[in-house]
Amino acid sequence: MRQGPSWFNVTSLVLGFAFLYLPIVLLVVYSFNESRLVTVWGGFSTRWYAGLLDNQQLLDAAWVTARVAFFSATIATVFGTLAAMVLARSGRFLGRTLFSGMVYAPLVMPEVILGLSLLLLFVAVDQARGFWTIIIAHTTFAMCYVAVVVQSRLAGFDRSLEEAAQDLGCPPFRTFFAVTLPIILPGVVAGWMLAFTLSLDDLVIASFTTGPEATTLPMKIYSQVRLGVTPEINAVCTILVGLVTVVVVFASIITRRQEAARARDMRQAEAQL
Amino acid sequence: MSETAAAPQAKPRRSVGGWLLIAIPYAWLLVFFLAPFFIVFKISLSEIAVAIPPYIPNFDPAAGWEGFTEMLGAFSFDNYVWLTEDDLYWKSYLSSVSIAAISTLITLIVGFPLAYGMARAPKEWRATLLMLVILPFWTSFLIRVYAWIGILKNEGLLNQLLLSLGLIDQPLTILNTNIAVYIGIVYSYLPFLVLPLYANLEKLDTSLLEAAADLGCPPWRSFWSITVPLALPGVLAGCFLVFIPAVGEFVIPDLLGGSETLMIGKTLWTEFFNNRDWPVSSAVAVILLLILVVPIVLFQNQQQKAAERGL
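Residue numbers (my numbering), protein chains in the order written: chain A, 3 to 275; chain B, 196 to 506.
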C-alpha cells in the first residue's frame, strides 16, 4: 500500500478547493475595481469602500444586524448548551424522542417554513414585529446548531471528573461551572460563533419575522442584488467575508493552542505519577 | 456514553435543578418550534380576507367554547383543493424534489473525492484542510450565491474566459436557467456533505484496504466493497443535509434561476409577500412539510444512531 495521497487525491483536493474559493476570490478582487461595470477590469480603486461610509441606510442595517446577531447568539448559546446537556446527560425521560426531534429538525427544515410558522405565531398572539421577534426566531434555530456542536464535545468527555467533584460534595450547579463548562468551553465558543454567523447571514427568516422598523443587512443586500450586481455590494460582501475569516482563523488557532497545551499538561501530569 | 454509565442517570431521582434543565430548552422549542406548526395548519384551513390579520376565522378567546366550535365550523379544505386544481403548485413540488435530488447527486460526485482526498492527506494537513472546508460555510450564504451571478451572466467572467480561449463563439446562457440553480445548490451545500463524509472516511481502518490489496484485490474493487459500505452512514447524513433544505430553497432559485425554474420555496414566498395570500401559503407549507417528513425522520434516526456511537 502506498503511503500518502495519490495524484488522484491531490487533484481532487486542488479542484475541490478551487471550486469552493474561486467565486469568493473573484468577488473580493472585483470589489477593488475602478470601473462601475462589475465584470470589466478598470484598474485598482478603493472608492466603493469610501462610498459605503456615506450610505447611512446601509450602516443602520449593519448595526441592526450586529445587535440581532449578538443577542440571538448569546441566548441561543445558553439554551443550546442546556439542550446539549439534556441530550447527553439526562438519560431517559418522558418526551425525550420529541425533544431530540425538535433539536435535530430545525437543522434541515426549509427556512421558508420556519419563517412563515414563526410569523403566524407572532400574529396569533398579537405581538408587534421588529427587532425582538427576529431575535426570538434566530435564537430558535441557532440553539439547535449550538446543541449539536456542544453535544459532540460532551460525548468525548471523561465523566469521572464530574463524578469525582460530586463525590467530594460539590453540588451539581457548581460542578457544571467548575468542571464541565471549562472542558466543553471550546464547543460552547464555537457554538456561539456559529449562531452569530447564522444570524448575520439569514435573509429568509428575518424577512418573515421583521417589522417595518428593523431592516437587516442581508435584507438590504438582497433588495440591491435584485436590481443588479454593483461594486458597492461587492465591497460590503468583501468586508463581511474578511471579518468572518479573521474571526474563524483566529478562533481555530486559539482552540488548537489550548488543545496542545492541555495535551502537554496531561503528559506532564502522567509523567509525575 | 456506555450503557452502564448512563444507567444511574436514567433512574429518576432527579432534583429540581435536573427538571429545570430539561424544562427550559424543552419549553422554548415547544412554544417557538412546535406550536407554530399547529397555527400554520389552522390558518391553512381558513379563508383569505381583507382584514388584519388577512384571514378568517380568527379565534376569539372571549367567545369561549362557542367561539371555538364556530371556528371549527368555518374551517374548510378549499385551499388544499385549490392546490390540486392549479397545476403551478404540483409542478413546483415535483420540480423542487427533482432539482434537489439532481443537485444532491452532483454534490455527492463532487464532494466524495474531496472528502476522500482530505481523509488520505497527511495527518498534519488535515486540521487545515478541514478549516478550509468549514470557512466558506461560515461566510454568508447570500454572498456566495451572489458571487455566482457575476461569473455566470452573459457578459460574465466564465463567458469572457471561454470566449477568449476560443472555445465558444457566442456567450452561453447559464444565469437564469436550471443549470445555474444546480451550480448554486452544489456550491452552497458542498461543505454540508463533505464534513460528515470526511468524519466517516477518516475513521476508516486502512489496514482493511491493505489486507485486501495483499490478497490481490484491485483498488477499484476494494473501494466498492470496503470503502463505500463503511462510508455509507456519512454519505447518507451528507445527502440528507443537502437534499432536505434544498427542496425548500428560496434564495438560490430566486437569484440564479429563471422564469422556467419552479421551486416551492419561491412559490410560497411569492404567494406570501406578493399575493398576500396567507392561507394558501400556509397550505403550501403544510404539504411541503408532509413531503419532507419521511426524509427528516430518516435523518433524525441516523443522527441519533451516530450520537449513540459517539461520532
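Hints are not guaranteed to be accurate.
[Said to hold, decoys possible] DEER-style ranges, computed between Cβ atoms: (1) B:T465 / A:A130: 49 to 55 Å; (2) A:E272 / B:V226: 45 to 51 Å; (3) A:E215 / B:I243: 44 to 50 Å; (4) B:F270 / A:V80: 35 to 41 Å; (5) A:F133 / B:I243: 35 to 41 Å; (6) B:R321 / A:F46: 47 to 53 Å; (7) B:A222 / A:P184: 23 to 29 Å; (8) B:T465 / A:L163: 51 to 57 Å; (9) B:A408 / A:D160: 58 to 64 Å; (10) A:A166 / B:W260: 56 to 62 Å; (11) B:W260 / A:L61: 21 to 27 Å.
[Stated by the list, open to error] For the chain B half of the interface with chain A, some residues (derived, Cβ under 10 Å), not all of them: (12) M313; (13) L357; (14) L360.
[Said to hold, decoys possible] Within a straight-line C-alpha distance of at most 20 Å, the following computed EDC-like cross-link-like pairs (lysine to aspartate or glutamate) qualify: (15) B:K318 / A:D128; (16) B:K237 / B:D472; (17) B:K237 / A:D128; (18) B:K318 / B:E242; (19) B:K286 / B:E455; (20) B:K318 / B:E261.
Derived from the structure by calculation, the hints contain no laboratory data. Built from N, CA and C at the ideal position, the CB exists for glycine as well.
Hints and how they fare:
The hint said 49 to 55 Å for the Cβ distance between T465 (chain B) and A130 (chain A), and at roughly 25 Å that hint is violated. Range check, E272 (chain A) to V226 (chain B): Cβ separation about 48 Å, and the 45 to 51 Å hint holds. Between E215 (chain A) and I243 (chain B) the CB atoms are about 27 Å apart, so this pair departs from the stated range of 44 to 50 Å. Take F270 (chain B) and V80 (chain A): their Cβ atoms lie about 39 Å apart, and the range 35 to 41 Å holds.
At about 29 Å, the beta-carbon gap between F133 (chain A) and I243 (chain B) misses the expected band of 35 to 41 Å. Remark: the range hint 47 to 53 Å for R321 (chain B) to F46 (chain A) is contradicted by a beta-carbon distance near 37 Å. The hinted range of 23 to 29 Å is satisfied by A222 (chain B) and P184 (chain A), whose Cβ atoms lie roughly 28 Å apart. Taking the beta carbon of each, T465 (chain B) and L163 (chain A) are about 55 Å apart, inside 51 to 57 Å as hinted.
Look at A408 (chain B) against D160 (chain A): about 37 Å separates their beta carbons, and that is not inside 58 to 64 Å. In this structure the hint that A166 (chain A) and W260 (chain B) lie 56 to 62 Å apart at CB holds, the actual value being about 57 Å. Here the CB-CB span from W260 (chain B) to L61 (chain A) is close to 53 Å, at odds with the stated 21 to 27 Å. Interface hint at M313 (chain B): satisfied, since its Cβ lies 7 Å from the closest Cβ of chain A, which is below the 10 Å cut-off.
Against a cut-off of 10 Å between C-beta atoms, the interface hint on L357 (chain B) is violated, since the closest Cβ of chain A lies about 13 Å away. Annotation: interface hint on L360 (chain B) violated; nearest CB of chain A at approximately 16 Å, more than 10 Å. Between the alpha carbons of K318 (chain B) and D128 (chain A) the distance comes to roughly 56 Å, so the proposed pair goes past 20 Å and is violated. Proximity of K237 (chain B) to D472 (chain B) is assessed by CA-CA distance (about 14 Å); at most 20 Å being required, the pair is judged to hold.
At most 20 Å may separate the alpha-carbon atoms for a hinted pair to count; K237 (chain B) and D128 (chain A) meet this at roughly 16 Å. In summary, the hint linking K318 (chain B) to E242 (chain B) is not supported, as the alpha carbons are separated by about 61 Å, beyond the 20 Å threshold. A distance of roughly 11 Å separates the Cα atoms of K286 (chain B) and E455 (chain B); the hinted pair therefore holds under the 20 Å criterion. Taken as a hint, the K318 (chain B) and E261 (chain B) pair is broken in the structure, with Cα atoms around 69 Å apart against an allowance of 20 Å.
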